[in-house]
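Asker: Using the sequences plus the hints, can you model the full thing?
Protein chains: 2
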Amino acid sequence: MTRVLVVDDDPRLQRTLAIALRAHGHEVVTAGDGRTAVQSVLEDAPDVVILDLGLPDLDGTEVLRRLRTGSAVPVIVLSARHESDDKIEALDLGADDYVTKPFGVEELLARVRAALRRGGPQGQHLEPMTTDHFRLDFAERRATVAGADVRLTPTEWRLLEALCREPGHLVSQQDLLRAVWGPSYGRESNYLRVYANQLRRKLELDPANPRHLVTEPGLGYRFTP
Amino acid sequence: MTRVLVVDDDPRLQRTLAIALRAHGHEVVTAGDGRTAVQSVLEDAPDVVILDLGLPDLDGTEVLRRLRTGSAVPVIVLSARHESDDKIEALDLGADDYVTKPFGVEELLARVRAALRRGGPQGQHLEPMTTDHFRLDFAERRATVAGADVRLTPTEWRLLEALCREPGHLVSQQDLLRAVWGPSYGRESNYLRVYANQLRRKLELDPANPRHLVTEPGLGYRFTP
DNA sequence: CGGCCCCGTCAAGATCGCGTCAAGAGGCGT
DNA sequence: ACGCCTCTTGACGCGATCTTGACGGGGCCG
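First to last, the sequence lines map onto chains A and B.
If you read the first sequence in this note's numbering, its first letter stands for residue 1, the second for the next number, and so on.
If you read the second sequence in this note's numbering, its first letter stands for residue 1, the second for the next number, and so on.
Take these hints with a grain of salt, some might be off.
Claimed, not checked - List time: in silico SDA-like cross-link candidates among lysine to any residue, alpha-carbon distance up to 25 Å: (1) B/K202 / A/K202; (2) B/K202 / A/R222; (3) A/K202 / A/E166; (4) B/K202 / A/R113.
Everything labelled a hint here was simulated from the structure, so no lab data went into it.
Answerer: Okay, structure coming up:
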């Protein structure tokens, strides 16, 4: 079951979309303004967000920006305007797709399916992972290393999740960047180096000789429990 | 999943295109200059290339020429100019299609689909290969010899892949050089000697008397599992 | 038997990618 | 408004990897 967050200030449209989405097997949560939307992304962990620009409380681009600092969830933007300026701005900020009103429900559903294919399931949290040295509980956002609690920042958690989705397998730099920083980041591998080391410092017994988070030069990283 | 290489020096346009393409189910890799583009074609094996003329380092037609000597991937050329000279020149050099800026995203997507229909998919990874002595997993970039993990460098992997594409068959020096070092390397067989031996040292039981990686003097190498 | 070609080997310099650090900006809570 | 935490971004050193040239040996042919 995939979860879709619908953000729109028009209750009519909210209901229309909700019915259509549920009819196609999606679970639906709704938000009427930007702040609620940001909160819902963090709490409900939807698999995809449908975001109407032109909300009462926040600028649409501001909502996008805030979402992006806390999650890499795919976002489909709705807009009544036709100006391509908006379009480019929204896409620059990390939207995955863009639909101008009026639109057909079928079209939107197709784009939701496309976004889900791309992003993979987000909402399902991973199983807790335990080794002799540390324990990671993704649902609770709790990390214990050598018996003591360790604080991980949101970005560190997202990187860790992307790595742990396939434990022991090589994950490419591009995949990691996309999973953590959104679809717009192709090659800026400096982020990865900084945060991979941050994770090593917090999780590894000997950060200089990592046993779990291993780098594959030129390709990506591998996380083995 | 089809892979599209976007070559443009404008990061904005890069991202816009990348997002639009991903929204339609394509995987995207990007390059900001000509040299990176040529390299990416060899390494990432995209199914179609979108190439902006007017790159910082190389003339657009030069990029096309280099691509064409190493790959038959379909290329869609973007250009801000309207002069038909460029158009004819580009098409002569092997571009498959030509779009002048400004263009609609939908139009470009349609041409990408058309190019994909024409070209068909290109690259994927080889199956893991196992013998009594070693095991090679190309997708995971993992090599195990006599039970122990062995690290292979990127170049070693590329050479091994070229050899294993036709196990037990003779692969000519030219083919190997082109597959690993690119289309410009016709006869620098020194590379091959160095890396073939590197591989023997890491994979063979007795590197002095190779049983798997056999050299055919004057012709090339043969890899038998 | 001698010369030649081709391969294996080695080593040194150049280059690349990664780990590391730190300064600065911006958000958030107090 | 202030301070703390986090994220971003650039610079730098180091080790691994790649490149390049040189040298020696073995097989083949004249």
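Asker: Determine for every hint whether it applies to the structure shown.
Answerer: Cross-check of the supplied hints:
For the hint pairing B/K202 with A/K202, the CA-to-CA distance comes to about 34 Å; that exceeds 25 Å, so the pair is violated. Only pairs whose Cα atoms come within 25 Å are accepted, and B/K202 paired with A/R222 is accepted, the gap being roughly 22 Å. With a CA separation close to 21 Å, the supplied pair A/K202 and A/E166 stays within the 25 Å bound. Our distance criterion of 25 Å between C-alpha atoms is broken by B/K202 and A/R113, whose separation comes to about 46 Å.
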